[in-house]
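J.: Given the structure of chain A, go ahead and fit chains B and C with the ligands onto it with the hints provided.
Chains as they are written, first to last, in the numbering used here: chain A, 26 to 554; chain B, -18 to 267; chain C, 6 to 408.
Incorrect hints may appear among the rest.
Said to hold, decoys possible - Selected chain A positions facing chain B (in silico; Cβ < 7 angstroms):
1. A137
2. L160
3. A265
In short, the hints are calculated from the structure, not lab data.
Think of the CB as a built atom: it goes at the ideal place given N, C-alpha and C, for glycine as much as any other residue.
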Amino acid sequence: MSSTTDTAHHGHDDHHHGPAYGITRWLFTTNHKDLGVLYMSFGLLMFFIGGAMAMVIRAELFQPGLNVVDPYFFNQMTTMHALVMIFGAVMPALTGLANWLIPVQIGAPDMALPRINNWAFWLLPAGFVLLLATLFMPGGGPAGGWTMYPPLVLQLGDAFPFLIFAVHILGISSIMGSINIVATVLNMRAPGMTLMKMPLFVWTWLITAFLMIAVMPVLAGAVTMLLTDQYFGTSFFDAAGGGDPVMFQHIFWFFGHPEVYILILPAFGIVSAILPTFSRKPLFGYSSMVYATAAIAFLSFIVWAHHMFTVGLPLAGQLFFMFATMLVAVPTGVKIFNWMATMWRGSMTFETPMLFSIAFVVLFTVGGLSGVMLALAPVDLQYHDTYFVVAHFHYVLVSGTVFAIMAAVYYWLPKWTGHMYDEKLGKIHFWVSAISVNVLFFPQHFLGLAGMPRRIPDYALQFAEFNMISSIGGFVFGFSQLLFLYIIIKCVRGGEKATDQVWDGAQGLEWTLPSPAPYHTFDTPPVVR
Amino acid sequence: MSQAEGSYYVPHDSRWPVFGIPGMTLLAAGFSVYLNGGDWGVPMMVLGAVITIIMTVMWFRDVVNESVAGKYNAQVDISFRQGMAWFIFSEVMFFGVFFGALFYARVFSIPWLSGGDPATSQYLWDSVVLSWPTAGPGMLDLQYQAMGAWALPTINTLILLTSGVTLTWAHHAIKENHRQKVIIGLGLTVALGLMFSSIQAYEYFYAWDELNLRMDTGIYGSLFYMLTGFHGVHVIIGALTLFVILLRVIKGHFTADDHFGFEAAAWYWHFVDVVWLGLFVFVYLI
Amino acid sequence: MTSKMLVRALTAVGLLGLLPIAAAAPGESEWRKPWGLNLPEGVTSLSQQAYDLHMLVFYIVCAIGAFVFIGIFYSIWKFRHSQGAKPANFHHNTTVEVVWTVVPFLILLGIAVPATQTMIKMEDTSGYDMTVKVTGYQWMWEYEYMDEDISFFSRLDRDSQRARQRDPEISPQEVEHYLLDVDNPLVVPIDKKIRFLLTANDVIHSWWVPELGWKKDTIPGFINEAWARIEEPGVYRGQCAELCGRDHGFMPIVVIALEQDEYDDWVAEQNGDVAAAGDDPADVDVDADAGADEVADEQLEDMSQDELMSLGGQVYDSQCLACHRAEGEGMGSFPALAGNDEVTGDVSQVKDVIINGVSGTAMQAFGGRLDDREIAGLVTYIRNAWGNDAGDLVQPSEIRDAR
Ligand code: HEA
Ligand code: HEA
Ligand code: CUA
Ligand SMILES: [Cu+2]
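This is chain A alone, in the form it adopts within the complex:
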């Protein structure tokens, strides 16, 4: 890892000026920090929209009976919640972090393709205008699940083509953003910043970006076939014409499984930055972390059908995908153990970012271990499409990725704004979130095992107790995110002045910059030794 740097000359190049004034600064900007802020703000907005939908879900499931919404609207909420959270909240938030951090972590003046960067960002609002607008159309929004399986998805009304094109546009955005990241990492590193000196966050994003370039087109192809099946008479997913609805699932999950690692790998990178800082000890096993990340990415391409154990795969397929999926636990385990070894014999303090990171390691492990249970094909025939799966993926997504993003926000906020956030409120936010998220999702394991299918608006009476507990946890978790918002706003507006170093043990080029970091950094590349 890079640590010693020559920072004598940054930020003094005269042909650059500061940001433009007013709205055009944000509309036209090609500055990676501005775009990072835009991406992250967009992600935050979508987190609240997607979260509000989750609250509708939890409110309906609070008690048996149809209490709040119509079943069809419930399905819309489930579908949109997932699409908004994944494509609107988590991916943009992570891309925003990449935008802000990668150039400063590798000592580059900006991203490699600044105009593409701007374009990729503004495609997001376009995609979500199309997607969210469907909620106000006759017939409502998409309701076939975020997995969009045909033939069900073909029953959508007016929303259908909007859904398809929204996915296309979001796909273009992700591909463009990722190409930019790959080009930046491979081409823009400061002298001396060799690949194996890059911070892990950069490494994980490099591999994530590669995954995105590889699989977003696959999703685009899949939904294109849905479109032609619906409007142009093709029979890709229709047995009568020689197609197969299950073929869509194969294609979707060829995208979908790498997609879930797209959501987690940058989170691994974040945690790998934060744990060493607050343990005051270098990251354990840097190079095995890199290889583990690459191994996970590779494996992610050959495990997709573990989402499809119940569709009637041939036996050989069941077994192959079961073995491959189980294998993922090995490189992931390497990461977990490396983090443990990083903390081992360190000298730990527990500021908010550290708290979220430790919670990440613990709760992600819970989610990962339930993932290994799901990987066992013969038992997945029981688990599949129950709340056990819902519990699994919220552990890895919410107390995994989302916690890591929150950790990142607390960790770098002082660098971004120049102010310290309110540590006391941060800690409150952490504790309320960490407790409530478990109240929210842990009982869902039981619900699933006890036989509650997912994607249902109403359930048999025996599930009432755990659902109510889960909903209460959900409301508390939801409200505690308002605190998060408040802390961010408060920190942006003022607060104790942050030092350049901010955290004692923090290492990396970004900490050599002033806080807040100037608009342009590393116009002249630093020299990394």
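T.: Frame of chain A, contents of chains B and C with the ligands only:
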């Protein structure tokens, strides 16, 4: 690796995305409205398309101007190369989906439907036996013919292969700074591209009318049009790009060692070429 | 078994015209109860194996989890800065890294072996004694006994149906097996290897009874196979487990497993005169459709407008409401019937749509499932309800002619 002079060109602002993205949104929304049978679909699409095209043209104009003004150093050049290479990789994956669908249908779904999965074929499809190409077990009364490989597609294969050669020839010429040869080579390539597209258009009419081969004639028709259609679109885009490059060559934008625009277009064209070979083998031949 | 449960079981079986043997009706599974935490051990060898595997891997992951968490919390406690911990400076150690790569791998290998064995067994449908074909519909199941010439539809029971509405007439708490009960359960014998052929008519569903140990998707156009040999008589409940549209949550499955002789009686009963059990005009539940085509002549007497409208309304609410909605307003790709010229226009067209369905769409053929009276009521109803004003009556005899 970065250049010591530290003059990586970072444009100050970029107006075209925010100008063009409403256009793209309009295009998508308009198409959706059209597909839903709404009246406003087509005008929305036209407006959206116009805005999108303006965005593309203006954007490229900016880039060309900057390039000509010499703002891009070698490092910027590498970024562009990376960008183009990864973009083509994403396109490979995009085509991969449709090839994957083709293999899936031929290796799995068709055999399953016709006996490979006894219960399925016995209880649901009267044990029909299907052989590729097929319209599927539920459309047996559809009469159509498959597109043979030997007439038009072979001619088209030759055309595309030749165009690859002329393009490479032009590339060598550009490296030798031989502008006249470049213009001829590129001109020929574009002409061959157009020829390919015209023949394909003819092939489509022929398939549609004479062979009764349509998008709705089951999985074979679906795959045939999907694969050749997306390829055809790429040929047209590629030819258009090469044409723009031709104009730029005529204007003298490129030098023997600085002609990334040319190379990017050439990569793209070769990629489209290779896809066609895949198509020829897997769609037409076997 | 409580007496209330017995009553339910009786009604369930009774609906099938099986009063004589109802006294021996099997009991509820003990597994479904509030605060349930775990998978059922189930009543087949497959479910038992799945359960064992589940518990095995569960204990293993608990152990791994315990190791990880104890390690982390020990570090947190022991190496606190506030306790004056001084950081070490090591950053790798090949030996431990190899160990924690190899050991998990071996553990996984250990799990993979029994998992593979179970998987192989699950896929082996050979040597079966009987075959049941299961077809998923939006939103009900059809069961066909391939060896018996018995087939019927199975949908959410009426009490649940009433309780699951917004502002329901009865509350869910009052329904014994809320959302887990059907009008016509699947009846099967114990100790027989039953082969299930699973398919669907419209969208993908998934047939799942936890106590049998598996779920399997039903894919339109394809047949999936699965099997079960139920070892204990009883009532086993499950649900559709693949999102299939609006009422995905409301298409339960009930399997009643009987001793062989009771099952034989049941089969005999089915093959006899089923119409006798289904002739209550107020009973709009879809009974075994064996009788639908052979409705006795006297039932084809003309009906009054009120009779037609009220029967039609009832059938509509149970069969059509799910798609065309309560006020006929439709939803998405399901057309509105209110204010629809097609519906108030050519009456033979409307009869045709209902009897034969619209192929390639979700609109199924109801001719096989509803009798002439019911369809007559329906046609009359949809042409005259919600402001539709065709103004005519359609009589059962006309439906018979239209078939
Ligand atoms: C961030 C996202 C994320 C991540 C990281 C993961 C990680 C994993 N997931 Fe998950 N998964 C999802 C998101 C994610 N998943 C989503 C969204 C779905 C549902 C989609 C839908 O249907 O809508 C899903 C569904 C899903 C299924 C399908 C379930 C079903 O529908 O029936 C399966 C099955 O195999 C699975 C498995 C795994 C496995 C094995 C891992 C592994 O990567 C986990 C590895 C981690 C560990 C194992 C813990 C740490 C390791 C150790 C401490 C080492 C020692 C451990 C052992 C030896 C066991 N996941
Ligand atoms: C990154 C992805 C992500 C994230 C962050 C979340 C976050 C949450 N999800 Fe998840 N979810 C998915 C991805 C995600 N989800 C996916 C992929 C599915 C599957 C969809 C499918 O089946 O197709 C799913 C499905 C899903 C279900 C199952 C639905 C069903 O099967 O029918 C449930 C049910 O409890 C649920 C709940 C929640 C909750 C309570 C949160 C919470 O963490 C959200 C917390 C955030 C907020 C609440 C916002 C902030 C606060 C406010 C807006 C203020 C107002 C607050 C109140 C009114 C209390 N989600
Ligand atoms: Cu049928 Cu869900
Ligand atoms: Cu997966």
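J.: Would you mind marking each hint as holding or not holding in the structure?
T.: Right, here's what the structure says about each hint:
no. : hint : verdict
1   : A137 : 4 angstroms, holds
2   : L160 : 14 angstroms, violated
3   : A265 : 3 angstroms, holds
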